[in-house]
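**Q** Residues per chain, in single letters:
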Amino acid sequence: MTTVTSSERGLLPSAEPLALLTAAGEPLPEPVLPMPGDEVLLDLHRRMVLGRRFDAQATALTKQGRLAVYPSSRGQEACEVGAVLALDERDWLFPTYRDSVALVTRGVDPIETLTLLQGGWHLGYDPYEHRVGPQCTPLATNTLHAVGVAHAARFKGEDSVALVLLGDGATSEGDTHEALNFAGVWQAPVVFLVQNNGYAISVPMSKQNAAPSLAHKGIGYGVPSVLVDGNDPAAVYAVVRDAVQAAREGGGPTLIEARTYRIEAHTNADDANRYRDPSEVAYWLGRDPLDRIEAYLRSCGLLDDARRDAVLAEAEAFAAKVRDGMNADVEPNPAELFEHVYAQPTPALREQAAHLAEELR
Amino acid sequence: MTLSMAGALNRGLADALDADDRVLVFGEDVGPLGGVFRVTDGLAARFGEKRVFDTPLAESGIVGTAIGMAMNGLRPVVEMQFDAFAYPAFEQITSHLAKLRNRTRGRVEVPVVIRIPYGGGIGGVEHHCDSSELYYTHTPGLRVVTPGTPEDAYHLLRASIDSPDPVIFLEPKRLYWGKSEVDFGAGVPMDRAVVRRAGADVTLIAYGPMVPVALETAEAAGEEGWDVEVVDLRTLSPFDDETVAASVRKTGRAVVVHEASGFCGYGAEVAARLTERCFHHLHAPILRVTGYDIPYPPPKLEEHHLPNVDRVLDAIARLQWDDRVDGVVGVA
Ligand SMILES: Cc1ncc(C[n+]2csc(CCOP(=O)(O)OP(=O)(O)O)c2C)c(N)n1
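Residue numbers (this note's numbering), protein chains in the order written: chain G, 63 to 423; chain B, 272 to 603.
Next comes chain G alone, as it looks inside the complex:
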């Protein structure tokens, strides 16, 4: 088996998504990617179980009114987890609002991960602590930030890489195209991972894009592009790892399109029945990334009931921690409204803070 680096792969993505496992979890006979090692596969499985449980817990908390809004990534765990595990600690991650599972996989505290969606503050975690950019709400703006951070890393002589996550819809924004172009021109160590989950809220791919694939968008910018099965955790890991490695070694950027599916609605506020057929969801439920890796791990004797139960128990404990943390009523301090607008509060802000304090007395 040969390892194909992104530069050898050239600019054109494959016609069909690269994969290592079939939908039933059987290994493909002639893989073009290296199968990750056993430890990695087991870690992928464990983190995906935790991620799925976290997602279910966040959804439940939304129903109880604990979160202002929650965009679920159920069904996209292979991307969320595979991509993050392919990074080293020194690398950067630039997530969107949907990537809470990527954040907890990265090690961000789950409560801090949910702060934005809970409405307590605009961001709960310290972006430098885990090298995770602020979760991005305006679409595609994070792509340019990732290129800038990656360029700066190289400028400073570091070998860290920036991975930016975006959705299929976000590829239409001007910022995505500017980011790909900058990355190509600068040969910046950045990896773009498009989680193509089929819809931008209600708008399907057919109304978003006329190219053969979203990965094709790299060609015009001189950015090598890869199309991968986004429900195959082993393949997502291998492809992202490869792209990160290439970037680290000076090989420049890669654009990866991962074909996946959003099982839940866009957010809890959305009604997906207005724009998609339940049979489509059923089809994708049959291609569940978690089932796929579990079947594979069992077939090669890496996973048995005992280990699976242990992982499930860990996931339950994790969910309980999230529940307890979110059920504690922590009210943000109104005085904080006036802090951090500037490095030092201006006289006007001090006056306004005093006014509010007076009002709240």
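FYI, nobody ran anything at the bench for these hints, they're computed from the structure. Do not take every clue at face value.
Said to hold, decoys possible - Below, a sample of chain G positions facing chain B; criterion: calculated Cβ distance under 7 Å: (1) 183; (2) 235; (3) 262; (4) 337; (5) 396; (6) 399; (7) 414.
All C-beta atoms in this analysis are idealised placements derived from N, C-alpha and C, irrespective of residue type, glycine included.
Position chain B with the ligand relative to chain G; hints supplied.
**A** Then chain B with the ligand, alone, in the frame of chain G:
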């Protein structure tokens, strides 16, 4: 007929599509989904994909192509999904939409309407609650409209679509679901403010999301012995000096209320214009009640930022009603 503002806007779009086949409605999720606030609900089914359609996710693209379509005889009505998500289109709006008529000495007309769900008070996360009116009102060539009632929403939207000039149509999100009576025959002119409630002692000047707050304040102020007049601007640009100045000449006192930050805010323009026109009628400086000078806060803190009845009442109280009160300048 009793309608919510979202319902009145939906009816306005449908009637405009019906009345003129040059009218097109497009944007993100405005087709089968009917928009995230359901303002375009049912329009794609009724008027077909050629007239009402989803675009790729690109605000600059939406506004830029709308400009081209308008140059070529169509009348696009586009939706920006939320206030802060219009910013990628800022270049197209401020440099092109606003200027084409002037640049071409009147030869090119761009009758585009940009509908923007606007403002806070609905518990939205960041970037979903901006009050961005000033970016647009500061740009010559744009008309900026924001309704405060379902009836105004219907008529002002129809008038905006008929307007030969580009219109930024700001839809106060927090008023989308409140219902009231709509008279379709009434007609509401563009560019005219309206006295929503007559009073003799002080004029509250409000628009869009703050209209109900101003009216509620007027009721509460009545109990304290102040007879409050409420002016709803409806069109922010161009400004209706006549209606507003007449009210302030009558009452001699004025408070401007808006959600957006006060510094360099719309209220500053209103206060300056009124000072220039009504100086000798004023018994007190014109006060502003606005959001603080901070980025829009997270949902759990937005109530502390947004002007409310108490704050407006407090401003009224500071309007030099007698010799004992001499300091009137206060924040927010
Ligand atoms: C600049 C901008 N325009 C519009 C929106 C409103 N919006 C939020 S999510 C979304 C769809 C995004 O789809 P996609 O990029 O495919 O990501 P997904 O939600 O599927 O993960 C839209 C239009 C936004 N957040 N930012």
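**Q** Now tell me if each hint is right for this structure.
**A** Verification of the hints:
1. Because the smallest distance between the Cβ of residue 183/G and any Cβ of chain B comes to about 5 Å, under 7 Å, the interface hint for this residue holds.
2. Annotation: residue 235/G was flagged as interfacial toward chain B, and the flag holds, the nearest CB pair being 5 Å apart, inside 7 Å.
3. Interface restraint check: residue 262/G against chain B, minimum CB-CB distance 5 Å, threshold 7 Å, status holds.
4. Of the supplied interface hints, the one on residue 337/G holds, with its beta-carbon coming within about 5 Å of a beta-carbon of chain B, less than 7 Å.
5. Annotation: residue 396/G was flagged as interfacial toward chain B, and the flag holds, the nearest CB pair being 5 Å apart, inside 7 Å.
6. Hint status for residue 399/G relative to chain B: holds, with the closest Cβ pair at about 5 Å, below 7 Å.
7. Because the smallest distance between the Cβ of residue 414/G and any Cβ of chain B comes to about 5 Å, under 7 Å, the interface hint for this residue holds.
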